[in-house]
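Number of protein chains: 6
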Amino acid sequence: MHVDLPLDSLLEYRAATGAPADFDEFWESSLAEARTRPLGLRVAKVDTPVRTLDVHDVVFNGYGGHPVRAWLKTPRGADGPLPAVVEFPGYGNGRGDVLEGLEWASAGFAHLSIDARGQGAAGSRAGATPDPVGSAAAFPGFMTRGIEDPAAYYYRRLVVDAVRAVEAARTFDAVDPARVAVVGGSQGGGLALAAAGLVDGLAGVVACVPFLCHIDRAVTVTDAHPYAEIPRYLAVHRTRAGAVLRTLSYIDGVHFAARAGAPALFTVGLMDPVCPPSTVFAAHNAYAGPKDMLVWPYNAHEGGGVEDLRASLAFLAPLLDGK
Amino acid sequence: MHVDLPLDSLLEYRAATGAPADFDEFWESSLAEARTRPLGLRVAKVDTPVRTLDVHDVVFNGYGGHPVRAWLKTPRGADGPLPAVVEFPGYGNGRGDVLEGLEWASAGFAHLSIDARGQGAAGSRAGATPDPVGSAAAFPGFMTRGIEDPAAYYYRRLVVDAVRAVEAARTFDAVDPARVAVVGGSQGGGLALAAAGLVDGLAGVVACVPFLCHIDRAVTVTDAHPYAEIPRYLAVHRTRAGAVLRTLSYIDGVHFAARAGAPALFTVGLMDPVCPPSTVFAAHNAYAGPKDMLVWPYNAHEGGGVEDLRASLAFLAPLLDGK
Amino acid sequence: MHVDLPLDSLLEYRAATGAPADFDEFWESSLAEARTRPLGLRVAKVDTPVRTLDVHDVVFNGYGGHPVRAWLKTPRGADGPLPAVVEFPGYGNGRGDVLEGLEWASAGFAHLSIDARGQGAAGSRAGATPDPVGSAAAFPGFMTRGIEDPAAYYYRRLVVDAVRAVEAARTFDAVDPARVAVVGGSQGGGLALAAAGLVDGLAGVVACVPFLCHIDRAVTVTDAHPYAEIPRYLAVHRTRAGAVLRTLSYIDGVHFAARAGAPALFTVGLMDPVCPPSTVFAAHNAYAGPKDMLVWPYNAHEGGGVEDLRASLAFLAPLLDGK
Amino acid sequence: MHVDLPLDSLLEYRAATGAPADFDEFWESSLAEARTRPLGLRVAKVDTPVRTLDVHDVVFNGYGGHPVRAWLKTPRGADGPLPAVVEFPGYGNGRGDVLEGLEWASAGFAHLSIDARGQGAAGSRAGATPDPVGSAAAFPGFMTRGIEDPAAYYYRRLVVDAVRAVEAARTFDAVDPARVAVVGGSQGGGLALAAAGLVDGLAGVVACVPFLCHIDRAVTVTDAHPYAEIPRYLAVHRTRAGAVLRTLSYIDGVHFAARAGAPALFTVGLMDPVCPPSTVFAAHNAYAGPKDMLVWPYNAHEGGGVEDLRASLAFLAPLLDGK
Amino acid sequence: MHVDLPLDSLLEYRAATGAPADFDEFWESSLAEARTRPLGLRVAKVDTPVRTLDVHDVVFNGYGGHPVRAWLKTPRGADGPLPAVVEFPGYGNGRGDVLEGLEWASAGFAHLSIDARGQGAAGSRAGATPDPVGSAAAFPGFMTRGIEDPAAYYYRRLVVDAVRAVEAARTFDAVDPARVAVVGGSQGGGLALAAAGLVDGLAGVVACVPFLCHIDRAVTVTDAHPYAEIPRYLAVHRTRAGAVLRTLSYIDGVHFAARAGAPALFTVGLMDPVCPPSTVFAAHNAYAGPKDMLVWPYNAHEGGGVEDLRASLAFLAPLLDGK
Amino acid sequence: MHVDLPLDSLLEYRAATGAPADFDEFWESSLAEARTRPLGLRVAKVDTPVRTLDVHDVVFNGYGGHPVRAWLKTPRGADGPLPAVVEFPGYGNGRGDVLEGLEWASAGFAHLSIDARGQGAAGSRAGATPDPVGSAAAFPGFMTRGIEDPAAYYYRRLVVDAVRAVEAARTFDAVDPARVAVVGGSQGGGLALAAAGLVDGLAGVVACVPFLCHIDRAVTVTDAHPYAEIPRYLAVHRTRAGAVLRTLSYIDGVHFAARAGAPALFTVGLMDPVCPPSTVFAAHNAYAGPKDMLVWPYNAHEGGGVEDLRASLAFLAPLLDGK
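Residue numbers (my numbering), protein chains in the order written: chain Z, 173 to 495; chain X, 173 to 495; chain P, 173 to 495; chain A, 173 to 495; chain Y, 173 to 495; chain C, 173 to 495.
Be aware that a few hints might be false.
[Said to hold, decoys possible] Computed list of lysine-lysine pairs in BS3-like fashion (alpha-carbon distance at most 30 Å, straight line): (1) K463/Y to K217/Y; (2) K217/C to K495/Y; (3) K217/Z to K495/Z; (4) K217/X to K495/X; (5) K463/Y to K495/Y; (6) K495/Z to K463/Z; (7) K217/C to K463/C; (8) K495/P to K217/A; (9) K217/Y to K495/C; (10) K217/P to K463/A; (11) K495/Z to K463/X; (12) K495/X to K463/X; (13) K463/C to K495/C; (14) K495/A to K463/A; (15) K217/P to K463/P; (16) K217/A to K463/A; (17) K463/P to K495/P; (18) K463/X to K217/Z.
[Unchecked claim] Here are a few chain C residues that sit away from chain Z, every Cβ distance over 10 Å (derived from the structure): (19) H174; (20) D287; (21) D303; (22) D348; (23) R404; (24) V408; (25) G414; (26) V467.
Derived from the structure by calculation, the hints contain no laboratory data.
Ideal placement from N, C-alpha and C gives every residue a C-beta, glycine not left out.
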């Protein structure tokens, strides 16, 4: 069943609250701090049963100089710099196995699939990147780690990692730095939006059923995890709602969207309780660059699934021709 | 939690009941009837965004001469006949989209991904093959369609389709008919076992967490669907248990296993309520050819997932070298 | 809890979308085709423990000339033609056992209880009528069989069967053809509305908590099965919503209601998630003949239960006196 | 799935614990006390739409002289005393509506359908009999009312009511007191067993999926309500298990069975979590009279449903011929 | 997720229906009747491991002169009359164990923790008070006992008990009768509101997430128990809604609130499906005395938990200083 | 229902696997490392509404010298050193609020209620202690943080904190270091057992429904969280079971029990799916000191609740008299 506002209202829906006054400053200083450390890129060829692609195990330094792992997959025998797709994983997932996620490289892109630090033990795709930073008392999961302080918040680290991942991608010989796109679904879509708001010159942005958008609304309109980690935390730490909502405002996709300029493709499922449609439309409607939205009226959080993939490939196909 | 017998018992577990006396005759005549009709192979190149593989839309005539669809994927530019993998889908799924299931062809195999007639609207992968045969009153799903008569039973048609799929695979120029393997998970694993019992000269069999094994036990030890469709039917048609169990005995993987000779790889999850471990071990322990079993102690019906894929690729890798 | 609009809104609620332009033509030709075949009525006395009623096993030819089974129950020793009640079953049910459903005949009516082809293995009442027609890939259940083509759709067959059942009832010696009513609950109510829209001269219509009304809305406001079979299908076949909704418009009770003239009794439960109240009111409010609605504020899909039966008996009681 | 011991073990299964030493004395004095009050039978003809049966509203004095309601249904125009079936309701139900439960009278029996005091507001059939006796702190439901004292226990009253109901049935002109049977399903089956153990000269006993048997085991092998009311009570009143189990031993069907002599028909569902099979077999195997058991391997608490009814009618059919 | 109206609407929300015309008369006569019997106070010192408090087992006569149990806890060695807090339990609970509920007395109050007759076997705190009054057919639980008649209704007895509890508290030497407050959560909050409306001169009222408010709305906006007992009853006794709603209007906290004068503290959880926020606001907004409301946006029925306790202690702290 | 072996078997049940060879060495070095840092005790009086107790906010340095918070509650005005109870929290909980957990101090003990680092945002009692240590990819929750390496494992830190808490308790003036007991329920019980195995001279140990015992079995016999975090992790990291089980063997309560000497009280619920009875009996039966077990046959993970508290107070009461 439809789980949110009627489609007419969604098409117009906008979040009422703006970004915190020091939002840009917060991210500038966060990124500046990260950039005080070298990217420290390490790349190692991996032997796999896949004969059509080359796979490399990539490590770069993200937030705090902590190593973050990724797979780089390229069509075997490709010559000349390729357009690149940097992909961020859904909640609980990591970069996965070398045998997973063959589509982008098979379609001709350099594909960099990034870990989410600390994640990758709860979904279908494993992760291999620790998060060496601890946290104050938190609800099980990642949403409330350090949530009372923007500087200590888990997702600050993840966003910095995402930006550094794009920077890493642009350094590969195999990659044309002018043709780098960011993609992801759910949490990955939220991180793609964050990168869109923080990185200049992206060639495209794909945010499928993005998470981490209009979070202050999300926590009141759905019981589904992982958004529900936040009200569960506040159900115990009842007097801390102000601090918590303030922290969340620094990583809200609505605010990143308002700062983005690259062409973007969004998708949304009108039956999605995990990332309720109004939160996705709030980000889409705030998006400052060229944009399009695929609406799936009868889908939940799986969204358009393989149709989203097909549309994403078509959306970024011009990059293959050097556009 | 572990959902069945202790591992010690599983390793020795065997089904008590044998195949019906006319089991072989039933399948011989079923296949003979199907072979009275031409395979009627139709193959059409499909344009896809995937640059590393060639994809063809395949139609062949299965049971009753009814058209069955499949995708044939091959590594682009491969020369000479390839080893082939014929894959059958899990319950509710079909051959899927051309963008799904790139692994086998990317690893160098000709990959024929077959529809299950009438299915492909309930899982993650769509199907495009009708089942033009109706049925007597049935519980929603496919398990009880025509279940009171072996000749009218839905799975008779699916098994014949599976055998004809192997026969179709062997006719392709791109395929070396001596190097054809059958693979599948869940229902696909059950169909792989059926093919293993009915087709000579297979080069390998992979049955991951196979369904349709020791069914008379399965319906008493799990509430999970789709096995549960059978007790749900019998809960209404209370006096028909004899006819129903007799019909099921003709498609039980335990009996196909006892007639198979090709090297086989099984996998099983000890926490799998969908295909309880004792039913998988019953098939494995009855398997007449060389065999191996991957046991995943902490997995449910997802079984070994990408590890099963990795092991399957390794198991069939010698075929790539012409072995 | 109340699961839909407030009662005030329900009382006024009307579906926005009209019938397809060729709705009447579709049904005229469907019925004309069916009538090219003889009814082929077969009636056999059944020996039962019930001493107050006579029971006959009835077979007539429905859609495609396919045999459809029914029970005919009459008060033992009744003389002269009786008013008749033709009853259609709820989803998953069939005509049931001869020991079930004694009420109408015990109250003096000739009672014809019809099977729903292919159903009768999932509810409390068994069925004995096959559906010999297969279908394209479908979600488990009956709602999506042939759903992309009105001509191939399962419910087209069921509606034709329903009309033919009324025609069969009118041929019995024991029945006064001028005093035939149609009744049913849930799917049976939907079929009663279909008969009301397609058959002239009915003496009454009872549609308790009717299913198959304002279906395009139903699939967006409830997760409950069987309506949910449709979004589950569309969740896989994402691009086929247009064709699916078009097919459904041919069997929507709202459109049959707008063409009906016989006096009708509706019932509805305001806590019914299976047949949400707005969909029932949409049919009631569109109903073109005399009509009444029993509203049960605290009931779910059981509706008025035995109170609905009592009201139905009272509503049709005048027929017993020859009115 | 099968929810209890394997069938082989069930066939031999016997409860280890015997009745309390003063079991017979307890019931003799309970009944003697009840019989100090007149039955106080009141019978009023009821006007119903059912033309084949006569229905009377019956009130008799049960435990404590409290009025208990019942429906008496007889075939219209029956002459001479009839065999009678006294039926007790399932948990949460009452005698229901005059339009419900037409089968026994339609088959030629005088049918007395009894209320369970205080119940009849939670199932499908309403009740109209108050229980004027209060209780100590109890878990919601009826199982723990007065449970720490056999004399104050709710089911003591219900059993006395059941015995008095048989005595009332025998006083009707329309009933042959030598041909009175007791029947019931679930709680009704438990009460039928109680009557079987306490009333002489019954012509038959039908206990379908009986409740209230081998209760000390039941509360450890199922989570299903209503048995679960007892462990839920003991989860709060942790130190009272001794008193509670002692009280329950006075109303355990196993002990009534051991005192019964009339021919009995039991039924059981091997997938029934509500009345686990071992508890039903414990009563059956202890039953001292002639007995039979219908085993439904694929049914839950619905047991044999209409097949149980058919078998019950056949089992008691000889009474119709005066046997 | 938020389960009711938006906060803006809640702040203004008022119930549309007023109290029955004879509401005051009903309670005056109910209390007058109760007061024809002596309070019959019995107080016994209890030996406990708690060294900082004195605990007494208290019995007083409530409705019908029936004994009601309570614990009286006082700070050991306190001299002079203390302010008292009379606490009523949540649904299913009783006064609990002497080791539970030490907070109020530890904070300096005389604390009288009252049983709810018949309850105390379903929550975490046991009860020891029988309800010697039986009832007509009822849904399991307490909500529908005697619900068709205000005079026979269970909650009439509970409200009378609550008033008598306050009267009992005022008779203790250790208690200053001018400084008696009533407190409770959920059902206990509903009873506190009842006492607030019926007892003069209370020094304070604390109603945390109160139950039994705007009940006619509650039963349509939540499925959660115990409110759901009422629609479940009406789902069977379909024609009795008028009588049922009338009875409930006599115990509705909205009407008690409109008659109260003592300063009150309410709390509410915006995610509380058990006592939906609009029903709590309806009582708060109708409350005739000074009042405050703690709104917990991210809490369900646990409300403010220990924060509610802290606020309650602060709210009543002035009483400790003799104010 | 009973969720594990029959009681007869439980009474004899012993884990088959022993502690790792370097178990003692592992803990000796872990504790030695911690003791290289000062306890760094900070104690601050807290102003609370509780007049019978004094409450202090305590911070001490635990594992890695990280600060750990606790409440110290003592009976107001107590003179001379008191026996002390060091209490560890259940999973997801912290030391709670100053208004919670008044029982031990009210009964005359010095009560030190310890935080579990990083926890205290998911249960009913909040925590205020960060865990500054990060981890590799983990399943949401605490069970799998660092689980592939005993040295990096989360519970290593928690056990060291527990030992240091006892050492801190012994330094208070208000505490007699010879009369210190450790208590806890669930995770707290597991930590109490750990302290029992690692700390000399404890005066008593109370482990109610202890968690973290015979973990290798627990993960195969229950689906309940938090044990289920481990198989959920292994379901993704399929090849790491060996490392994971090895790590868990270092914190298994069975091995701590085998090294303990202080008198111990265990409790267990036979219906507890969270800490299955066989895992609790395995620890009890291995316990090397004097021991007793309270068995609650009808309780789940709430165990004996207030009865466990009463028994614990009685068990430790002799300490109040200086014994």
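### Message
For each hint given before, does the structure comply? Return the numbers of the non-compliant ones in rising order.
### Response
1, 7, 10, 11, 15, 16, 18, 20, 21, 23, 24
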